[in-house]
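What follows is each chain in one-letter form.
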Amino acid sequence: KAGVTQTPRYLIKTRGQQVTLSCSPISGHRSVSWYQQTPGQGLQFLFEYFSETQRNKGNFPGRFSGRQFSNSRSEMNVSTLELGDSALYLCASKGGEKLFFGSGTQLSVL
Amino acid sequence: TQLLEQSPQFLSIQEGENLTVYCNSSSVFSSLQWYRQEPGEGPVLLVTVVTGGEVKKLKRLTFQFGDARKDSSLHITAAQPGDTGLYLCAGAGSGTSYGKLTFGQGTILTVHP
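Residue numbers (my numbering), protein chains in the order written: chain A, 716 to 825; chain B, 1076 to 1188.
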C-alpha cells in the first residue's frame, strides 16, 4: 500500500507570493490533516478534512486555507506569504485511530 | 487551549544506557500517542495509550499513561544508535478527532556508539 504522498518536496518563495501544497492520502483513507512544523513552535495543527468538509481548524490566520477533493486528495494554500511561514508542512491521513504522515513539504520564504 | 510539556528537550547518551522522556499537561486527554521522527521524514506512530494507568511495551520501549490521563512517559532500555531521532508525544482531546492532535515540543535523542 502506498503511503501518504506530498508534493512538492521543497519550495522556495518570496514574501507576498502564494503557494499551494498537495497531499495524496493512503488509498481508502477519507480524513486528511495538515500540520505546520517549525523549530520554535513544534508541530501545530492547521486543519482536518473529511469527505470534502473541513471538520476541525487550528489557530492560524485566514491566509491559510485548504480543501479536499472527492478522491480524498487535499491541497492547502497560503496566500501573502510571510517570512514566518517558513516551515515543514506535514499532511497526515487517518486510518482508524492512527495518523500516517507524509514526508512533508519544506517551504522557505525569502 | 490544551498544552503538552515534553522534557527533556535534548538527550545525548551512550549506547546501552537507559532513558526516560516525560510528557505532562494540566489537561485531561482521551488518549496519548508517541511518535518518532527522523530527519527529512514525517513522524511515525509508535503507540497509543488510552486507559489511565496503562502500560504498553514495544521491545525495549515502555510507554505509560498517567492515572489521571494528564501525563505519559516513554522509557527506553539499553538505548541503541538506531533509537536516535525526535520523539514526540501527542494528545487527543475528549470528543476530538484523532486527526486533530496537540503535540509536545519533542525530545531530540542522540545515542552515541
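It is worth saying that the hints were derived from the structure and are not from the lab.
Just to be clear, a hint being listed does not mean it is correct.
As the list claims (entries may be wrong) - Think about it this way: if two alpha-carbon atoms lie no more than 27 Å apart in a straight line, the pair counts; the simulated DSSO-like pairs of lysine-lysine are:
no., chain 1, residue 1, chain 2, residue 2
1, B, Lys1132, B, Lys1145
2, B, Lys1132, B, Lys1175
3, A, Lys772, A, Lys728
4, A, Lys813, B, Lys1145
5, B, Lys1175, B, Lys1131
6, B, Lys1145, B, Lys1131
7, B, Lys1132, A, Lys772
8, B, Lys1145, B, Lys1175
9, A, Lys728, B, Lys1131
10, A, Lys772, B, Lys1131
11, B, Lys1134, B, Lys1145
12, A, Lys728, B, Lys1145
13, A, Lys772, B, Lys1134
14, A, Lys813, A, Lys772
15, A, Lys728, B, Lys1132
Taking the hints in turn, this is what the structure says about them:
no.	hint	in the structure
1	Lys1132(B) - Lys1145(B)	19 Å, holds
2	Lys1132(B) - Lys1175(B)	25 Å, holds
3	Lys772(A) - Lys728(A)	25 Å, holds
4	Lys813(A) - Lys1145(B)	20 Å, holds
5	Lys1175(B) - Lys1131(B)	23 Å, holds
6	Lys1145(B) - Lys1131(B)	17 Å, holds
7	Lys1132(B) - Lys772(A)	33 Å, violated
8	Lys1145(B) - Lys1175(B)	17 Å, holds
9	Lys728(A) - Lys1131(B)	44 Å, violated
10	Lys772(A) - Lys1131(B)	31 Å, violated
11	Lys1134(B) - Lys1145(B)	25 Å, holds
12	Lys728(A) - Lys1145(B)	40 Å, violated
13	Lys772(A) - Lys1134(B)	36 Å, violated
14	Lys813(A) - Lys772(A)	19 Å, holds
15	Lys728(A) - Lys1132(B)	44 Å, violated
Of the numbered hints listed earlier, those contradicted by the structure are 7, 9, 10, 12, 13 and 15.
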